[in-house]
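Q: Each chain, letter by letter, is given below.
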Amino acid sequence: MSKERKMTLTIPREELMSPGHLACQGCGASLAMRLALKGLGQRTIVCIPACCWAVIDGPFPHSSLDIPIYHCAFETAASSASGVRAGLDMVGDTETTVLAWAGDGGTFDIGLQALSGAAERNDDIIYTCYDNEAYMNTGIQRSSATPVGAWTTTTPVKHYKKERKKDIIGIMAAHGIPYIATASVAYPEDMVKKFKRAREIKGTRFIHVFAPCPAGWKSRPEDTIKLARLAVQTGYFPLYEIEDGEKWTLNLKVKERKPIAEYLKLQGRFRHLKEDEIAMIQQEVDARWAKILKNCGL
Amino acid sequence: MKKVIMGNHALSYGAMLSRAQVIAAYPITPQTQVVELLSEMCADGTLNAKFIKVESEHSAMAACLGASLAGARTFTATSAQGLALMHEMLHWASGGRMPVVMGNINRAMAPGWSIWADQNDSLSERDTGWIQFYCASNQEVLDTVIQAFKVSEKLMIPSMIVLDAFALSHTYEVVEIPDQAKVDQFLPPFNPPWRLTPDDPHAFGGLTSPDHYMELRYKLQKDMEKVPALVEETGKEYEQLFGRYLGQVEEYLCADADLVFVTSGTAGYTARVAVDELREKGIKAGNLRIKLFRPFPFERVRAVLSRVPKVAVLDRNISYGHHGIFYQEVKSAMYGQPVSPLIFGFIAGLGGRDITRDSFKEIAEYTLSKNKAEEEIVWIGVKK
Ligand SMILES: Cc1ncc(C[n+]2csc(CCOP(=O)(O)OP(=O)(O)O)c2C)c(N)n1
Ligand code: SF4
Ligand SMILES: [Mg+2]
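Here the protein sequences come in this chain order: A and B. Going by this note's numbering, the first residue of the first sequence is number 1, and it counts up by one from there. Going by this note's numbering, the first residue of the second sequence is number 299, and it counts up by one from there.
Read the hints as simulated data drawn from the structure, not as lab findings. Using N, Cα and C, we set each Cβ at its ideal position, and we do this for glycine too. Do not take every clue at face value.
[Stated by the list, open to error] Some but not every residue of chain B turned toward chain A, in silico, with C-beta under 10 Å: (1) H356; (2) A361; (3) Q478; (4) R493; (5) G504.
So here's chain B without its partners, still in its complex pose (with noise of 0.2 Å):
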C-alpha cells in the first residue's frame, strides 16, 4: 500500500510494523507528530503496545530500557535537547546491552532556541554505544526502522534513526508501507537472551569491578565490529521481501568521479542533484552518502575513496575547536591506505541554513581548484 506521509510518520508506521510493545516518549519539536500518531494507534487499538506518557525524556529512556530488559520490544523518539538529556541513559541502554530503537530528529542546539536542522545533537551522542543510521527519504526511515530492530536484537545493541528537522521530519512523500505479514517474517518477536524475571532472578549491571568491567566492554565493541555484516545481510533478506536494499552507505556516480562529495541525511539527495548538474557540465562528480554512522562503515568508504583523487565532505555539524565531524571520521578511515585521496571540509547549514545546489557547486569549484586546503575549516554560506 503507498501512502503520502510526513517523514516523523514514517518512523510511528516503521514502529508499528515492527510491533514494538512499549513506547515510552516526550514531546520535542520537531518530532511530535512520531509520538501523537504512536498514541493514536495504541489508543485505537492499531498497534498493541503500552504507552508511557513519561514527564521527560530523562524518563522516556529509563522506562524504555526498564521495559527491554523485561523482555519487551521498545520504541521511542525525541530530538535536539531531549535528546542531550538522555545522555546518561544512552549509556546505560548500550552498556546494559538493551536493544531501543529510537527516532532522532536531528535540530539545532540551544542557545539560541532553534527548531532547525543540523546534527550536533545526535553526533554529541556518538560515543556512547548506539548504533546510528541517518537516513534521506521517508520511505528509508520507515524501512530502516525495521531493520534496525533486527540488527539491535540480534546483537543487543540499541539504534538511532536519524533525520533532518523539517527537510525530512515534515515533508511529506509517497511512501510504500509494507504487508504486515511479510515484516512478521523479516521481523520476529523479540526474544532476548536474558531478561528480568523471577523464574530466573540475576542481578543486572551491578557494582563491576576492574576485573570484569573491561571485558563488557570488549564484548560491546565486538559485536558492533559486526553492524556492518549484518547490516548488509539483513538489508538482502529486506530486499527480497521488499524490493528495497539498505546498506551502510549510498554511492551515487563515485566509480568514474574526479570529486566525490560524502553526505549524510538529506543533503545527500541534494547532492545527487548537484552532482547531475555538474556532470552536465563535464565535470566528474560522485556523492557518497554515508548512512551508518555508528560503526563507521570503514570497508565501504575505503572501498569508494581510494579509487577517487579529491574527497569533499559536508558537514552539518562542527566539534568546536577541531574540524566537521563527518570530516575528522573520513580522514581517520583513510590514513594509512596504500592510496587515500586530498580531503576537503566544509561546515554548511547549521541551524537550518538552506544547503542548496549551489552550496555543492561552490564546494566543487573550491575542491577542484586547490591543491590542499587553505583553511583548516571551509565554512559555506556564512557571514563573517
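Isolated chain A, as found in the complex (with noise of 0.2 Å):
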C-alpha cells in the first residue's frame, strides 16, 4: 500500500458572496464576511446594523449574499437576533443559523448593551464584530476600538487618542458565555474552523475578527493580509478561543513577536507617533500579550 498523503481542503469552495459587492479595494470587513459563511454555511440569516457592511453587500434591490439579511438599526444586531431566533424556533425552523454581524462601532459602543443583554440570556446567537477600529461608515470617527496613538477624524494628529481600545473580550469573557473566539482574514483556515464549531454550539457565541481597512488606515490595500498577519504575529491581535469565560486556549502561539513598530509603520494612521510613543504602545502590547499568555496558562 502507498502512503499517499492527500492534501485536503479545510476551506469549502462554496461561495456565498458574489463579486459585485460595495467594498473598498482591500477590504478586510468583506472578505470576513465570506470566510465567515465558508463556515457557517447557506442556512444561515444575518442582522446587519448601520455599519460598512449595511452599504457593502449592494443597494436595494440586489445583494451580494445568497442568504438572507436583516438590515437592523445601528444598536439593535444581537436584540434583533434574539429575536429573529425565536421567531424561527416558533414557526419551527430550529435548524437555522442566526448570526449577527456587527462593526466595531456597533458592539464596543452603541449595540453593547443589547449584546450584554443577549449574552446574559444566553440567547442561540452567533455575534460576529468585524473590528476595523473606527466608524468607517460615517467617515473614519474614533470608537471605543480604536487603538492608543491612532489619528481619526475625531482624534486629529494634534489630539490623536490617548485612551485604551477597550477590552471587548474580557467584558464578553465575563458573561460566561458558551464560545469566544478571536479570528483574523489573514489565517483563513483558522477562522473558517472556528465559524464551524461556533455553528455547532448552542448559546451565545461571540467572535472578534481583525479586519483591516484601507481606507480608514490609510494602508495600502495591497498589504490588507499583511498587516492582518502582522497584528497577530506582533501579538497585538492574538488568536484564541475562551470556552465558557473560563478555558482559554492561544491558537497560535508566536515564538518571537514581531516589533509593533513594523505595524504601525505601514500606516497612515500612526505617521505622526514618535519613537517614545511606539515605545509605550509596544509595552502595553507585551503586557497584554502576557496577559493572555496567562490566562492560556502558558
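Dock the two chains into a complex; use the hints.
A: Structure, rendered in C-alpha cells:
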C-alpha cells in the first residue's frame, strides 16, 4: 500500500458571497464575511446593523449574499438576532443559524447594552464583530475600539487617541458565554474552523474578527493581509478561544513576536507617532500578550 | 366566560387569545401587569410563546421586529418613557412592514416624574406609521387586540392599542373572555407574504436610493388609507361572532345635538355621563369618541360633525406652541367642508389630573355661550 498523503482542502469551495459588492479595494470586512459564511453555510440568516456592511452587500434590490439579510438598526444587532431566533423557533425552524454581524462601533459602543442582554440570556446566536477600529461608514471617527495613538477624524493628529482600546473580550468572557474566539482574515483556515465550531455550539457565541480597512487606516489595499498577519505576529491581536468564559486556548503560539513598529509604520493613521510613543505602545502590547498567555496557562 | 379583570390583563388576555408567538417586553409602571401575566402564561403553558426578557424597550421592539420578520406573531407592551425609547424602532416596524401589535398605557412624560395618565407619549409617535386605537373599556381593550392583529397582518402595518394609565390600566371591569375556538376562526395563523428564510434569501431594509424610497412610502400610505374600511369590515365580522361591534368612532347622541364633545380614551365615557346630565337640563349635547386615531377616520368624523353647530374637542395632551392634538386633527378634517361647525379646543387632565363630569359642564358652558373661542387654547382646571 502506498503511503501517499492527500492534501485536503479545509476551506469549503462554496461561495455565498458574490463579486460586485460595494466594499473598497482591500477591505478586510468583506473578506471576513466571505470566510465566515464558508464556515457557517447557507442555512444562515444574518442581521446587519448600520456599519460599512450595511452598504457593502449592495443597494436595494441587489444583494451580494446568498443568505437572507435583515438590515437592522445600529444598536440592535444582538436584540434583532435574538428576535429572529425566537421567531424561527416558533415557526418550526430550529436548524438555521442566526448571525449578528456588526462593526466595532455597533459592538463596543452603541450596541453593547443589547449585546450584554443577549449574552446574559445566553440567546442562541452567533455574534460577530468585524473590527476595523473606528466608525468607517460615517467617515473614520473614533470608537472605543480605536487603539491608543491612532488618528481618526475625531482624534486629529494633535489630539490623537489617548485612551486604550476597550477590552471587549474581557467583557464578553465575564458573561460566561459558551464560546468566544478571535479570528483574522490573514488566517483563513483558523477562521473558517472557528465559525464551523461556533455553529455546532448552542447559546451565545462571540467572534471578534480583525478586519483591516485601507480607507480608514490609510494603508495600501495590497497590505491588508500583511497587516492582519502582523497584528497576530506582533501579539497585537492574538488568536485564541475561550470556552464558558474560563477555558482559554491560544491557537497560534508566536515564538518570536515582531516589534509593533513594523505593524504601525505601514499605516498612515500612526504616522505622527514618535519613538517614545511607539515604545509605550510596545509596552502595552507586551503587557496584554503576557496576560493572555497567563490566561491560557502558558 | 366572564371575568373581572384589570385593563392591563385585558391586554394580556387579548395577546393570549390571539396566540402571540413571540413576546419581548420590559417593565414600566403602569404597564407591568401586562407582561407579568404574559410571563406566567408562557411559563405554565397557557400560551405557547417565547418570552424574551430583554434589557430595554429599545431591544424589546428590536426583538419583536426580528421575530416578526422571521414569520412569528409578536406582541409587546410599554408606556411613556419606554415608548419614547422605542421611537427609532417604531419607524423600523412600519417602514419594514412588520405587523407587531403593542399595548401602550398612556402615561405622562417626565420630567417631573409622573406615572399618571396623559396622551403625550403615544401622540408623540403619531407620525411613525403605526395604526393607533384608543380604548375606553377593558372589554374594548381585549377585543381590539384581536382585531388589531387581523388588520395589521392583512396590511403589514403595526398597531398600537392605547389605554389610560390607572383609569383603565388598573381598573377592574367585567370582561367577556371570548372562546378560543371562535377567536381562531376570526384570526387565522400569521402567514406573511415574505419572511426571513434561507429557502428564499432576500435582503430586507438595505440601502435604498432616491429612485426607490419614495415608492415604498407611497405604498405604506396607500395601505394606511385602507385601514378605516378594514376596521369596519373586521369590526362587523367580530360582531357576528362575538356580538360586539368594533368601529372607528363611537357616537353618542350626536344626531340632534347642538354641541358635540370630541373625546378619546376613558374621558369618552365620562363625557357620556355628562351628556346625559346636560340633556336632563335641556341641553342637547352629544359625544363623539375617536377610537381609531391613525389613520384618522376622516369620513366618520366629517359625517357626524357636519351636522352639528358646535364642537368642543377635549385633549389630554398638548403640542407645545400649537394646540391640543385632537383639536388640530379635527379642525384639519373639517377644513374646506361645505358645512363646518364652530370648533373649540380644551386641554384638561395632563399628568393624571382628573377629568370629571364637571369638566365637561364647564366646557359646555364655555362653548355654548360664545361664538368664537376667546383663547387659542382653553385650559380646564389649571391653576394659572
Ligand atoms: C442611532 C444611530 N446613530 C448613528 C448612526 C450613524 N452611523 C451609521 S454607521 C456608524 C458607524 C459604524 O461604525 P462601526 O460599527 O465600527 O462599523 P464600520 O462602519 O466601521 O464598518 C454610525 C455612527 C446610525 N445609523 N444610527
Ligand atoms: S471603509 Fe474600510 S471597512 Fe468600509 S468598505 Fe472601505 S475598506 Fe471596508
Ligand atoms: Mg468600525
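Q: Taking the hints in turn, state whether each one holds.
A: Hint check results:
no.	hint	verdict
1	H356	holds, 7 Å
2	A361	holds, 3 Å
3	Q478	violated, 18 Å
4	R493	holds, 8 Å
5	G504	holds, 5 Å
Checked against the numbered hints above, the structure violates only hint 3.
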